[in-house]
Amino acid sequence: MDKVAIRAPLTASPAGGGARGRGLQGFLLQSPAIMLLLVWSVVPLLMTLWYSLRNYNLVDPTRQGFAGISNYWYLLTDPDFLTSLENTAILVGGVLAISVGLGTLLAVLYNEEFAGRGIARILVISPFFIMPTVAALLWKNLMLHPIYGVYSAMMRAVGLTPVDWLSRYPLATLVMIVAWEWLPFAVLILLTAIQSLDTEQKEAARMDGAGMVAQFINITLPHLSRAITVVIMIETIFLLTVFAEISVTTAGGPGVASTNLAFLIYSRALLQFDVGGASAGGVVAIVVANIVAAFLLRAVARNLET
Amino acid sequence: MARTRTRLRQGVVTILGWAIALWMFFPILWMFLTGFKNEPDAISTPPHLFFSPTLSSYRDVFAREDYWHFATNSVVISVLATVVALLVSIPAAYAMAFLPGPRTRMTLLWMLSTRMLPPVGVLVPIYLLARATGLLDSRTGLIVIYMLTNLPITVWMLYTFFREVPVPILEAGRMDGATRWQEVTQVLMPLALPGIASTGLLSLILCWNETFWSLNLTSSIAAPLTTFIASFSSPEGLFFAKLSAASTLAVAPIMVFGWASQKQLVRGLTFGAVK
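Residue numbers (the numbering used here), protein chains in the order written: chain A, 67 to 372; chain B, 7 to 281.
Watch out, some of these pointers could steer you wrong.
[As the list claims (entries may be wrong)] With a straight-line cut-off of 20 angstroms between C-alpha atoms, the simulated EDC-like cross-links for lysine to aspartate or glutamate are:
id	chain 1	residue 1	chain 2	residue 2
1	B	Lys269	A	Asp146
2	B	Lys269	A	Glu178
3	A	Lys268	A	Glu178
4	B	Lys269	B	Glu177
5	A	Lys268	A	Glu179
[Stated by the list, open to error] Quick look at which bits of chain B chain A covers, simulated, 3 or more residues with Cβ under 8 angstroms:
id	stretch
6	137-145
7	196-209
I should point out that these hints are in silico values taken from the structure, not numbers from a laboratory. Glycine residues also receive a C-beta, built at the ideal position from the N, C-alpha and C atoms.
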């Protein structure tokens with residue numbers, strides 16, 4: 067795309083007219099979007115904070131009033147909460163490791179010319195467009211079902227005993243399913259970034275006798291570092307709230323073996339009707355996401371300047 | 007010698023490229039095929055690679071499952087949320103691109119930051135608000151939420167597209183006495199139409215596939231396809247062929263959209279940080 071136009075300083079004043087009138091007009095044009103987002107981002111947040119400090123159970127109206135930090139205390143000392151934090155970290159970390167690691171290699175692969183590359187690329191990125199409920203049930207039933215699944219049939223064909231993946235290794239299986247959805251995203255972004263790599267530079271390196279691995283480490287990887295950062299941060303934001311995949315496959319179980327923070331908050335709020343406790347969990351989720359968002363915003367802001 | 011090595015390398019790349027592509031796509035292909043089986047065929051062990059295709063599962067999905075009800079919800083909710091988001095964000099993006107003030111950059115970044123709020127953090131208040139206002143299990147509720155969650159992305163994308171429109175063209179229009187309204191509708195819009203279209207497309211894809219709010223806020227009346235598919239997760243719902251047919255219908259349109267707009271998607275999804 068036209069980089070020159072994007073790089074023009076943001077303070078340029080292309081439109082004519084008086085500066086003050088322009089400022090007012092600009093403000094009026096932006097205000098609907100700003101007001102909507104202001105309400106959307108502030109009101110629910112304050113409500114979550116408020117509920118998190120109150121005793122509030124939808125099925126037990128007798129317990130009301132200020133709770134202080136007891137919701138937080140109860141949550142933080144609850145072993146289920148710690149398990150859910152751990153599961154969230156494994157889910158996010160596992161999917162990130164697979165999608166960034168494999169994604170980088172696949173981006174390099176699909177940047178090479180070969181017969182039918184265009185179609186192969188489309189096939190690889192397709193899972194990203196599958197809605198999470200379909201992706202989860204597709205894997206749970208058609209692929210991994212211990213009796214009828216294709217993978218079980220393959221295992222039987224080579225003489226192995228099929229495994230009930232979702233009940234034996236619930237979290238690992240979920241990591242696999244979610245990674246299947248997000249690996250294409252990483253490939254899509256990294257492939258785009260790799261295409262902007264200067265081929266002359268690579269050519270020169272090859273002339274100098276640099277091997278494939280040396281080229282990859284010294285030229286491709288540094289060039290991709292920014293795109294990799296972006297992939298990590300955007301995926302983290304979405305992966306922190308993985309919900310549908312868990313809901314339709316394991317429902318957080320067995321026990322809480324595959325319950326992440328999002329699913330824990332959901333079950334506290336909508337299954338146990340504990341509004342206060344769920345809100346405290348919500349606040350924790352927001353704090354975690356904000357730490358990630360701060361880094362992501364800095365990267366985007368840097369891009370606005372260059 | 008060198009040529010054989012290049013040939014060999016080419017062969018490895020081709021095989022690897024296709025093998026991985028087919029492996030990634032296999033579940034989708036299998037789903038597509040299973041949709042054309044009858045139920046006994048769908049759960050036969052070992053699975054039948056060859057079978058006599060039938061449309062009975064599709065017929066079932068349309069006749070018994072009230073598919074159109076959910077599909078209509080998906081279409082109405084996604085389209086309306088996208089249209090409203092565009093209507094709100096076009097003026098905002100215009101002002102940010104062409105009438106920037108000292109706070110424009112801050113505003114843009116702040117808008118992005120609202121997108122990074124995890125939905126689960128505000129599940130409780132949104133659920134309670136929706137219940138109190140009667141918006142639980144209503145199309146309006148989801149439309150409003152989808153519009154709000156997509157607003158930062160549409161503003162941001164439109165902003166980057168608008169900034170590529172050469173300013174002299176807009177100025178020429180103004181010299182000829184065009185009002186602001188005419189400038190936007192008759193000069194800017196035609197020039198930025200591809201950008202507006204891909205912004206809308208991304209918003210449609212995101213709305214169509216959204217599952218957190220749809221699963222938590224809808225059950226039947228306003229349930230879109232995401233919720234409908236989730237209903238197959240119950241153990242009694244072990245009808246593989248019907249699940250496959252319904253799933254294929256649910257993902258096909260959006261997958262075609264996605265294929266057609268990969269490039270723009272990258273820009274929209276990374277907020278322009280990767281070009």
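Hint-by-hint comparison with the structure:
1. Of the supplied pair hints, the one linking Lys269(B) and Asp146(A) is violated, its CA atoms being roughly 42 angstroms apart against a limit of 20 angstroms.
2. Between Lys269(B) and Glu178(A) the CA atoms are separated by roughly 18 angstroms; this keeps the pair inside 20 angstroms, and the hint holds.
3. For the proposed pair Lys268(A) and Glu178(A), the alpha carbon gap of about 13 angstroms is at most 20 angstroms, so the pair holds.
4. Our distance criterion of 20 angstroms between C-alpha atoms is broken by Lys269(B) and Glu177(B), whose separation comes to about 30 angstroms.
5. Of the supplied pair hints, the one linking Lys268(A) and Glu179(A) holds, its CA atoms being roughly 15 angstroms apart against a limit of 20 angstroms.
6. Residues of the stretch 137-145 of chain B lying with their CB closer than 8 angstroms to a CB of chain A number 0, which falls below the three-residue condition for coverage.
7. With 0 residues carrying a beta carbon less than 8 angstroms from a beta carbon of chain A, the stretch 196-209 of chain B misses the three-residue requirement, and the given coverage is violated.
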